[in-house]
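Enquirer: One letter stands for each residue in the lines below.
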Amino acid sequence: MQPHSPEAIVGSRITNQSLKRWLHSLPGVDKVGLEARAASLGTRSIKTSSKAWALDSAIKMMDLTTLEGMDTPERVKSLCLKALTPDPTDLDCPRPAAICVYGDMVKHAKKALGNSGIYVAAVATAFPSGRASVAVKLLDTKDAVKAGADEIDMVIDRGAFLSGNYLEVYKQIQAVKEACKRSDGSYAHLKVILETGELQTYDNIRRASYLAMLAGGDFIKTSTGKVTVNATIPITMLMLQAVRDWYDEHGVLIGVKPAGGIRTAKDAIKYLVVVKETAGEQWLNPDLFRFGASSLLNDVLMQRQKLKTGNYSGPDYVSVD
Amino acid sequence: MRLDVRKTYKLFIGGKFPRSESGRVYPVADSKGEFLANVAMASRKDARDAVVAARAAQSGWAGATAYNRGQVLYRIAEMLEGRREQFVAEIRALTGKSDRQANQEFDAAIDSWVWHAGWTDKIDAVAGNMNPVAGPFFNISTLQATGVVAAFAPQDSALLGLVNTIAPAIVSGNAIVVVSSESLPLPAITLTEVLATSDLPGGVVNVLTGKEAEIAPWLASHQDVNAIDLVGTSNFVELEIQAAQNLKRVIRKGDFARLGSKGSLNHITNLMEVKTVWHPKGH
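Residue numbers (this note's numbering), protein chains in the order written: chain A, 1 to 321; chain B, 322 to 604.
Take these hints with a grain of salt, some might be off.
As the list claims (entries may be wrong) - With a straight-line cut-off of 25 Å between C-alpha atoms, the simulated DSS-like cross-links for lysine-lysine are: (1) B/K366 with A/K306; (2) A/K51 with A/K142; (3) B/K353 with A/K47; (4) B/K366 with A/K266; (5) B/K532 with A/K47; (6) A/K308 with B/K331; (7) A/K107 with A/K51; (8) B/K331 with B/K353; (9) A/K51 with B/K366; (10) B/K532 with A/K306.
Don't read these hints as lab results, they were simulated from the structure.
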């Protein structure tokens with residue numbers, strides 16, 4: 001199936017009016033139904049070999065993240081070393097998909113990871129607020145791509161979105177997508193952070209998801225991890241429904257990345273259940289689903305050790321981050 | 322005529338009163354074999370959660386000044402005194418003791434609690450040491466809490482054995498996960514209601530009710546438990562072998578008396594680590 005052009009999808013020339021008409025024609029979200037479904041999927045019991053598979057998959061789908069003002073090259077390096085050897089007591093342990101850092105740390109991460117196959121993702125566009133001029137946002141992106149970032153995590157302009165200026169949001173995502181172009185003509189993977197905790201309603205989250213997919217995002221990501229409400233299961237489920245329907249209608253596969261607040265292996269497994277039951281098994285793969293997390297890895301490693309040895313493990317047996 | 326308001330006896334984990342994760346309960350009978358109450362039957366996952374809660378609480382409790390820990394513990398004794406009637410009634414119902422005997426057990430439990438509370442700021446003065454060394458150093462040994470203690474209270478004592486298991490662990494700054502006597506669990510839960518309203522930080526004491534044999538292997542092999550008290554266990558040889566995996570401190574059955582109105586300093590120091598500091602001094 002040939003991917004449809006944005007104009008074909010919206011049904012007319014892209015203007016703020018046409019975007020508004022298109023986004024507001026999306027069906028409203030059944031809040032109660034969504035939350036009830038999310039809660040019921042969270043009660044599934046995943047044991048033994050399924051659990052082992054889920055734990056390993058959670059690691060493979062992880063963007064191991066450090067996004068602190070106090071990040072140093074050494075801190076990024078130690079995180080990269082952790083990604084290369086997550087569990088020194090078990091060298092069969094899989095590696096995370098990517099390391100997620102600020103743009104100026106990309107070169108340090110690239111150097112530490114070498115050709116290990118672990119991607120480097122950089123947050124860009126005045127992360128986490130997104131409050132900067134478009135020129136600054138694009139320069140921020142180009143800078144990270146030039147430093148070797150494989151993936152760019154951009155934030156949308158929530159102010160523009162909430163004031164109904166969908167065209168501005170759309171144009172910015174498109175411009176950032178262009179800024180992801182490398183000198184050899186290939187593109188860095190673009191993840192669009194909706195910052196769902198600031199979008200107020202489920203309807204808005206659905207609209208923002210569609211807008212990001214229309215503008216050419218490769219992934220839609222829930223949150224920056226820097227606001228009070230981060231990834232939740234209902235929100236992730238809603239976004240998974242959006243990418244599933246997008247694929248059915250337009251034949252384009254878009255990924256989903258919940259980020260922020262996912263700290264336990266138990267939570268991660270709940271997310272995987274929701275992925276399978278909402279979008280389907282095709283999405284249970286690091287190219288289409290990622291966790292943005294930092295402390296999650298240690299909890300998953302402790303659970304892996306418990307499965308392997310039969311004894312409960314403790315924080316003494318994983319690294320201090 | 323009014324309907325009885327029967328009490329639900331729950332677990333005590335991290336300062337909260339959850340039901341067992343497994344949803345199970347078991348009936349507890351009085352000394353004549355009549356049904357008395359349903360009590361939560363803890364699973365290995367409750368034990369795991371309790372260890373996490375204990376680990377989270379331990380450093381804060383150990384970091385409190387010894388004087389402060391002593392005050393907190395002494396206040397618990399004051400509050401226990403106010404619940405005398407309830408404890409005595411539960412001891413009598415479970416064991417069939419006379420009013421006088423039950424009161425005696427309760428008195429001994431409070432006396433022992435106070436005895437332990439007094440030790441918080443005296444342990445180092447008595448058990449620590451300034452060591453003579455052949456060199457220009459001050460050499461000082463002090464004792465520090467070992468961390469998270471898992472304990473199995475004596476099976477044959479409703480309250481006193483439990484108090485003499487908990488108190489020696491927490492005076493020095495340890496956090497404890499204690500499994501109460503399986504057939505005499507009610508005073509253990511009433512004790513937690515006192516602890517929950519005291520100044521003791523949530524998670525320092527966690528109480529599980531249920532089958533010792535079911536929970537014990539998981540705590541004995543748990544890599545994040547630093548010491549284990551096996552007094553209330555049946556399969557203690559096997560458990561000690563499991564505990565050796567991460568070099569847990571082990572208190573064996575019969576190591577310390579549990580039914581007196583005083584404890585033993587050795588019991589307290591058995592759940593502590595010695596730290597020796599060398600400090601250079603001028604000539």
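Enquirer: So, for every hint listed, does it hold in this structure?
Expert: Evaluated hints:
no.: 1; hint: B/K366 with A/K306; result: holds, 12 Å
no.: 2; hint: A/K51 with A/K142; result: violated, 40 Å
no.: 3; hint: B/K353 with A/K47; result: violated, 42 Å
no.: 4; hint: B/K366 with A/K266; result: holds, 13 Å
no.: 5; hint: B/K532 with A/K47; result: holds, 23 Å
no.: 6; hint: A/K308 with B/K331; result: violated, 32 Å
no.: 7; hint: A/K107 with A/K51; result: violated, 36 Å
no.: 8; hint: B/K331 with B/K353; result: holds, 23 Å
no.: 9; hint: A/K51 with B/K366; result: holds, 16 Å
no.: 10; hint: B/K532 with A/K306; result: holds, 22 Å
Hint violations for this structure: numbers 2, 3, 6, 7, all remaining hints satisfied.
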